[in-house]
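Peer 1: If you want the building blocks of each chain, they are given just below.
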Amino acid sequence: MERNRSNIPSISPAAVVVAAVFLLVSVIGVNWFTTFVPRVLPPQASAESRSVDELFYILMIIGGVVFFLIQGMLLISVIFFRARDDDRGDGPTYHGNPLLELVWTIIPALVVVYLAVISFNVWNQNSEPKAAVNMINGEETVIRVTGARYAWTHNYETSRLNPEGEPIVINSGDKLHTYIGQNVELVLRTQDVIHSYWVPAMRVKQDLLPGDPATGGRPTEIRFTPVRVDGAAYPAEYPIVCAELCGDGHGRMRGTVIVYEDEAQFLAQFYEPAIHAILNPPADPVLRGEIVIQEYICNSCHTLDSLGWSSRTGPSMNGIADRAGERVAGQSAEEYIATSVWNATAFVVPGYTEQMASFGPEQTDANKMSAEQLYAIVAYLCTQGEQSDCDNENSTVAIPAAIKTAFGLEVDITFGQGDDAGESESAPSGE
Amino acid sequence: MTTIAVPLGAQAEQHEAEVVRRPALSEYLRWSVDHKIIGVQYGVAAFLFFIVGGAMAMGIRLELWTPELDLMASGAAYNSLFTMHGTIMIFLFIIPMWAAFGNFVVPLQLGAKDMAFPWLNAFAFWLIPPAAIVVLLGYFVTPAEAGWTSYPPLSTLFSGDGQTLWALGAHLLGISSIMGSINFIVTILNMRPPQMTIWRMPLLCWAVLATSIIAVMATPFLAGALTLLLLDRVAGTTFFNAAGGGDVLLWQNIFWFYSHPAVYIMVLPGMGVLSEVLSIHCRKPVFGYRMVGLSSMGIAFVGFTVWAHHMFTSLQPELRIPFMITTMIIAVPTGIKMFSWLGTVWGGKMRFTSALLFGLGFMSMFVIGGITGVMLAALPFDIHVHDTYFVVSHFHFVLFGGSVFAIYAALYHWFPKVTGRMMNERLGRIHFAFTYFGFLFTFFPMHIVGMLGMPRRVAVYDPNFTDWNQVISFSAFVLGFSTFIVVYNVIHSYFRGPVAGANPWRALTLEWATTSPPPVTNFAEDPIPFEDPYGYGTEASAAYLDAVDAAFDAEPPATDNS
Numbered sequence: 012m013e014r015n016r017s018n019i020p021s022i023s024p025a026a027v028v029v030a031a032v033f034l035l036v037s038v039i040g041v042n043w044f045t046t047f048v049p050r051v052l053p054p055q056a057s058a059e060s061r062s063v064d065e066l067f068y069i070l071m072i073i074g075g076v077v078f079f080l081i082q083g084m085l086l087i088s089v090i091f092f093r094a095r096d097d098d099r100g101d102g103p104t105y106h107g108n109p110l111l112e113l114v115w116t117i118i119p120a121l122v123v124v125y126l127a128v129i130s131f132n133v134w135n136q137n138s139e140p141k142a143a144v145n146m147i148n149g150e151e152t153v154i155r156v157t158g159a160r161y162a163w164t165h166n167y168e169t170s171r172l173n174p175e176g177e178p179i180v181i182n183s184g185d186k187l188h189t190y191i192g193q194n195v196e197l198v199l200r201t202q203d204v205i206h207s208y209w210v211p212a213m214r215v216k217q218d219l220l221p222g223d224p225a226t227g228g229r230p231t232e233i234r235f236t237p238v239r240v241d242g243a244a245y246p247a248e249y250p251i252v253c254a255e256l257c258g259d260g261h262g263r264m265r266g267t268v269i270v271y272e273d274e275a276q277f278l279a280q281f282y283e284p285a286i287h288a289i290l291n292p293p294a295d296p297v298l299r300g301e302i303v304i305q306e307y308i309c310n311s312c313h314t315l316d317s318l319g320w321s322s323r324t325g326p327s328m329n330g331i332a333d334r335a336g337e338r339v340a341g342q343s344a345e346e347y348i349a350t351s352v353w354n355a356t357a358f359v360v361p362g363y364t365e366q367m368a369s370f371g372p373e374q375t376d377a378n379k380m381s382a383e384q385l386y387a388i389v390a391y392l393c394t395q396g397e398q399s400d401c402d403n404e405n406s407t408v409a410i411p412a413a414i415k416t417a418f419g420l421e422v423d424i425t426f427g428q429g430d431d432a433g434e435s436e437s438a439p440s441g442e
Numbered sequence: 059m060t061t062i063a064v065p066l067g068a069q070a071e072q073h074e075a076e077v078v079r080r081p082a083l084s085e086y087l088r089w090s091v092d093h094k095i096i097g098v099q100y101g102v103a104a105f106l107f108f109i110v111g112g113a114m115a116m117g118i119r120l121e122l123w124t125p126e127l128d129l130m131a132s133g134a135a136y137n138s139l140f141t142m143h144g145t146i147m148i149f150l151f152i153i154p155m156w157a158a159f160g161n162f163v164v165p166l167q168l169g170a171k172d173m174a175f176p177w178l179n180a181f182a183f184w185l186i187p188p189a190a191i192v193v194l195l196g197y198f199v200t201p202a203e204a205g206w207t208s209y210p211p212l213s214t215l216f217s218g219d220g221q222t223l224w225a226l227g228a229h230l231l232g233i234s235s236i237m238g239s240i241n242f243i244v245t246i247l248n249m250r251p252p253q254m255t256i257w258r259m260p261l262l263c264w265a266v267l268a269t270s271i272i273a274v275m276a277t278p279f280l281a282g283a284l285t286l287l288l289l290d291r292v293a294g295t296t297f298f299n300a301a302g303g304g305d306v307l308l309w310q311n312i313f314w315f316y317s318h319p320a321v322y323i324m325v326l327p328g329m330g331v332l333s334e335v336l337s338i339h340c341r342k343p344v345f346g347y348r349m350v351g352l353s354s355m356g357i358a359f360v361g362f363t364v365w366a367h368h369m370f371t372s373l374q375p376e377l378r379i380p381f382m383i384t385t386m387i388i389a390v391p392t393g394i395k396m397f398s399w400l401g402t403v404w405g406g407k408m409r410f411t412s413a414l415l416f417g418l419g420f421m422s423m424f425v426i427g428g429i430t431g432v433m434l435a436a437l438p439f440d441i442h443v444h445d446t447y448f449v450v451s452h453f454h455f456v457l458f459g460g461s462v463f464a465i466y467a468a469l470y471h472w473f474p475k476v477t478g479r480m481m482n483e484r485l486g487r488i489h490f491a492f493t494y495f496g497f498l499f500t501f502f503p504m505h506i507v508g509m510l511g512m513p514r515r516v517a518v519y520d521p522n523f524t525d526w527n528q529v530i531s532f533s534a535f536v537l538g539f540s541t542f543i544v545v546y547n548v549i550h551s552y553f554r555g556p557v558a559g560a561n562p563w564r565a566l567t568l569e570w571a572t573t574s575p576p577p578v579t580n581f582a583e584d585p586i587p588f589e590d591p592y593g594y595g596t597e598a599s600a601a602y603l604d605a606v607d608a609a610f611d612a613e614p615p616a617t618d619n620s
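These protein sequence lines are chains E and X, in that order. The first sequence begins at 12 in this note's numbering and counts up one residue at a time. The second sequence begins at 59 in this note's numbering and counts up one residue at a time.
One or more hints might be untrue.
To be verified - Every beta carbon over 10 Å from chain E, so not counted as near; a handful from chain X, in silico:
hint, residue
1, L194
2, I240
3, Q253
4, I387
5, I394
6, L485
Unchecked claim - Coverage of chain E stretches by chain X, computed from C-beta distances (three or more under 8 Å per stretch; other residues unrestricted):
hint, segment
7, 74-82
8, 128-136
9, 235-247
10, 251-261
11, 302-312
These are calculated hints, taken from the structure and not from any lab test. Positions of the beta carbon are idealized from the N, C-alpha and C atoms, including for glycine.
Can you make the complete structure from the sequences, with help from the hints?
Peer 2: Next up, the structure:
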């Protein structure tokens, strides 16, 4: 026995048979893997996802062969090369085989060269900037995404003008609306730490890098083109996830991509209603506030049952109107709420830390908030309580002097004045 | 053929079967410059940190049992939990644990009386307890919660004082690592016996040499990065603050320029252990000795050129491709090792000792980490799974399936030399079964949740992944339980284990050519190494091993003691 093995140990007939069986098993196993694969990956919702998954199949097949080869040879060794209990001798003195060593250096080298080449091709294909991006009604649109602890905000800079002649910006909050075949190109900016914009169904991911705010930050781009997913009902929804640790609420920093079946559906169900809502805001400030508050990232940290928010990073806003008047001596409920939004760290609820950003006309991007938007939010939050501290009797929101100055307004806003209020609120910005 | 070498020279008389006393336990609590004492100090300290870090991992898995935040008070508390888990496991467990085996075994394998710089050696060890205290003191302020990678600005502008302590502690550990590595390099290059050329050196020494070269070259970059981080945190500089002209990618580049090679600092010694264990317990020479030794150096070299694959989603797009290519190249020397080990096992006469089981477990698990490593190098696929549980799975296959399995193999293999007693083999096999299957079912499903869309470092996740996470958590508890078995085995065997004798495994390397435990000066006289450290199966080697047995004890070798 020992003499036989000391030549090339791999020519034992039994081992050859077992090796053949293993080759068979690995072929079957690899086949099984590829049928299994769709269940370990999200839906293929973008053109990019198809080429990435094809690359994954190839990696999986090569990896599967290596896996079965190594585990198989280990298993054979364990079965065939165990010493008998009474055998105290040594194995064959076999120091190596330069030819074999050359083979297992060159073959893996060729395999990785092949993998590098095909990966490079897929990368080139997927990362190339496309013409005609974000087409809406035949025009290119800029879509800006802002990452802030702990929410995404999407802003569509449309070519429509408001009555003041300024382009309308649609804020769709944590939702990205797109349609099949639209070449999506997003400009990503962060307001605080590094975030990472990941849409698993699209197989795309890009970090948001902090840059110098004075020079417009450090925008990064992400590109993908939604495609039809067999069997999906449209509009289809896919999660957006933050993939880079950003702090306390990292796991909750999520959003949704809503893919419409075609541009017509996109226009009818998202774009036109959104433009209409901006041009014709509800006269009732409470109703308006309910819309406005959802355009901002408040839900990323606060709980508010009425809107289905459940985050616990910041204090709960359930019943806030009952408490707001007692938080700070000398501040009415309205003043307290308005101040908390405009200058978030002026009063920090005991047990919480200074994490909240401030919102106002002097802020940029996703934190920009006009006076009307602020008042609407105050009016809405004043309805969140059993017996509201807010002075709803005369429908007046008393605003602290400092905020009035900052927002360039002179009087308290009185709600419920019908058309007047509606008109003044139609401006998207207080400036 | 060749003259038969005997370990203690031609004139060796029958050695008096004098019992070498084990050092008193109090010796281990004191400053000592004996490399064997320091090795045990490193090992016990590192193992204690393994238990602390492992308990934290259990906390992580308990939190992830449900998709909601329930166990932890806040997301921040969870963040500090995995930050500390990673920091402890890397800086306080794996790296010091390899210093433990390196310290104990390398001078013995070289036939040396001690390390080249015994005092420096002790100093390097005694930096670890204060460093650990500094890191853990963070719990009394705001603990570090930016992950062990501590990316600014989260770790600078948005973290509390615990982050400063974390950086100071890591600084001290880096200094310790550099001093230890310089010591290894000098020892290995200068203190070999005259008969032992570098091409006759045991492969553990090769691996420790490669590791030490990496550590000496890379760790200063960690020190640089940490210094900049500390300055940003306490001195108002803006190296990483974009508003002041800094750049957050600067940290990522410097940090990974250390931390990627650090992966090899953590796994190369394990590969060295594997070469020893497989050869000795399969009774066969290491297949392709030179290529195995050289591939350690190849990995060390190429390992310095791949760091930015950790930044595939943040790096400038045009720089990503070169790092993909270098990363893939590193699969080649790793593959050489894997196939050489298979060649070593193939056709051998395997003794299924616990050490060999963990060695085979290493191969079987590490290959999965290698395959997913190549998959992660493929840039388009990495973009999808970057920063997900797929990555968590990958590096646990490398660092647990690789390093920790090798640490266990080394423990079962060298415990007799360290303590003079054998470990209990039956418990060892049970420990292996729990560890192997607990590990596999903990970490393999993580690939799948990662690909399906679960990012890493989250306490709150999509409820669709609940089932997978419960499978993972359950298996993790099994894996956690397996640690109790080995702890019991170590303590029990230390007091009650059968006496090992000098060379229970009939191994040719020099650490076995002395008593167990070795005397203070290691060898009574300068030992003569066998011409080939792995030359099993020849008459000369059998004669050499018989001479070792004859010199130290009349008892037959105790290879089986279950």
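Peer 1: Now look at each hint and say whether the structure bears it out.
Peer 2: Now for the hints, and whether the structure bears them out:
no. : hint    : result
1   : L194    : holds, 21 Å
2   : I240    : holds, 32 Å
3   : Q253    : holds, 19 Å
4   : I387    : violated, 6 Å
5   : I394    : violated, 6 Å
6   : L485    : holds, 20 Å
7   : 74-82   : holds (count 5)
8   : 128-136 : holds (count 4)
9   : 235-247 : violated (count 0)
10  : 251-261 : holds (count 10)
11  : 302-312 : violated (count 0)
This entry does not satisfy hints 4, 5, 9, 11, going by the numbered hints stated previously.
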